[in-house]
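Under my numbering, the first residue of the sequence shown carries the number 127, and numbering increases by one thereafter.
In short, the hints are calculated from the structure, not lab data.
No experiment lies behind these values; they were computed from the predicted model shown.
Misleading hints may appear alongside valid ones.
Stated by the list, open to error - No farther apart than 16 Å at their CA atoms in a straight line, the calculated lysine to aspartate or glutamate pairs in the EDC-like style are these: (1) Lys298 <-> Glu368; (2) Lys298 <-> Asp384; (3) Lys178 <-> Glu558; (4) Lys448 <-> Asp480.
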Amino acid sequence: MSTHTYDLIVIGAGPVGENVADRARQGGLSVAIVERELVGGECSYWACMPTKALLRSAAALRTARQVPGAREAVTGALDPAAVLQRRNAFASDWKDDGQASWLEQAGIELFRGQGRIVSPRVVEVDSTITLTARHAVVIATGSSALVPEISGLREARPWTSREATATQRLPKNLAIIGGGVVASEMATAFAELGSSVTVLARDGILPAVEPFAGQLVTESLRAAGVTVRVGAQVANVHRSGEGLLHLTLVDGETIAFDELLVATGREPNTHDLGLDRIGLTPGDWLAVDDTLRVLDADGTPVDWLYAAGDVNHRVLLTHQGKYQARALGDALAARAAEEPLDYRPWGRHALTADERAVPQVIFTSPEVAAVGLTAAAAAAAGLAVRVVDYDLAAVAGAALHSEGYRGQARMVVDEDRQVIVGFTLVGPDVGELIHAATIAIVGEVPLDRLWHAVPAFPTVSEVWLRLLEAARAGDQSPAGN
127 MSTHTYDLIV IGAGPVGENV ADRARQGGLS VAIVERELVG GECSYWACMP TKALLRSAAA
187 LRTARQVPGA REAVTGALDP AAVLQRRNAF ASDWKDDGQA SWLEQAGIEL FRGQGRIVSP
247 RVVEVDSTIT LTARHAVVIA TGSSALVPEI SGLREARPWT SREATATQRL PKNLAIIGGG
307 VVASEMATAF AELGSSVTVL ARDGILPAVE PFAGQLVTES LRAAGVTVRV GAQVANVHRS
367 GEGLLHLTLV DGETIAFDEL LVATGREPNT HDLGLDRIGL TPGDWLAVDD TLRVLDADGT
427 PVDWLYAAGD VNHRVLLTHQ GKYQARALGD ALAARAAEEP LDYRPWGRHA LTADERAVPQ
487 VIFTSPEVAA VGLTAAAAAA AGLAVRVVDY DLAAVAGAAL HSEGYRGQAR MVVDEDRQVI
547 VGFTLVGPDV GELIHAATIA IVGEVPLDRL WHAVPAFPTV SEVWLRLLEA ARAGDQSPAG
607 N
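Please model the entire structure based on the sequences and the hints provided.
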């Protein structure tokens, strides 16, 4: 068994692990990173990039068909084979040569294999290599699709997000269990690629966002031919000898499909990390303090062990995990150099945005973009909430964007401080608009100051002016609507 010593060892070479390693390396630490699959992780090969590649071609075609002049130039239908080929390219054909080369150029040592903690600051890789950390070990192993305990489901070999994202064939009939982001985006993608799609959404479509956003996406899915069955629950699944998947619902109805996608949540990749060696439970999410130190069974921070990204269950979004990683990498380098740390709200090493300003874009049709708190969440947090809504289609830029534009914007205001704490947009291509709201929330910019941030005319961003005018006029919607 070969042995190596580094200042920092990172387990998991997805975008979170890469960013921790890179920031710590830039801060002067020697860094080793361990990866059991592909360097670049879930986001590069089975999530963010390839899924958006699946969705983008149809979105561009849809927009062109809604603009006179461009509409007349569209002479053909979507080419599914070309879409899948483009998706393959964005997933680098599931090869990580480029990402591994980047690690080498950054001065980060890559070890391929399963990393397991065997004692404090010591990690073994496939029982053949021993790595010792002078300062810290970071777990950044992410999460995997959760397969719920439904009778016969595992034996039926359903798709998860990985199989759906990487498929080279399109099922004639696809059932999706779930109604969240993955379920909604994949329903959009496969319907546009020609599959007949049925969504079994026990809690409805996008239940975590503002209700009006979920409603508009539901209407759009149904208009695109997707069958959305709100409240449906699956009791049993089995795959027949012909390969068909038979789903029995709790009411006794049985329906059959070519493929079944399970999109009901995530579970942490902590099953085979040696956590039992240090008194933690394999398979559990890793609880952390505000500095991302892992908490032991008694809730005491482990001074050498950290967890960043999905695995700590703070926010399961790639960009937020990378935010954690940047702060953590900088903090580890500063701690090793005995430099002062800044964990004040919005400080260099703080993770304030995890609680106050998490942005997300859902690439359905229409898109949903949100940051901060929903109206209901703000009210539940005890804030004096004021909700201001505006019809996005009434903005001049929306009319120019496309015919039949439908959308809505919502601003959630903390009346006591007169700052925005939540912002939601739903409509075509609104994802590119959300960062302005993120800046307003992070900067805690008072409404009176935002009045001087003049949006360019005629853009969809002019909705900011309309929302502020409505706020000044006293327009108000009840929280939670």
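Open item on the list: Does Asp480 sit within 16 Å of Lys448, going by the straight-line distance between their CA atoms?
Closed with: holds, 11 Å
- [ ] Assess, step by step, whether the Cα of Lys298 is no farther than 16 Å from the Cα of Glu368, and give holds or violated.
- [x] Roughly 14 Å separates the two Cα atoms, so the pair holds.
Task: Satisfaction of hint between Asp384 and Lys298, Cα-Cα up to 16 Å - done: holds, 6 Å
Task: Given hint Glu558 paired with Lys178 - CA-CA distance at most 16 Å - done: holds, 14 Å
In summary, this structure violates none of the numbered hints.
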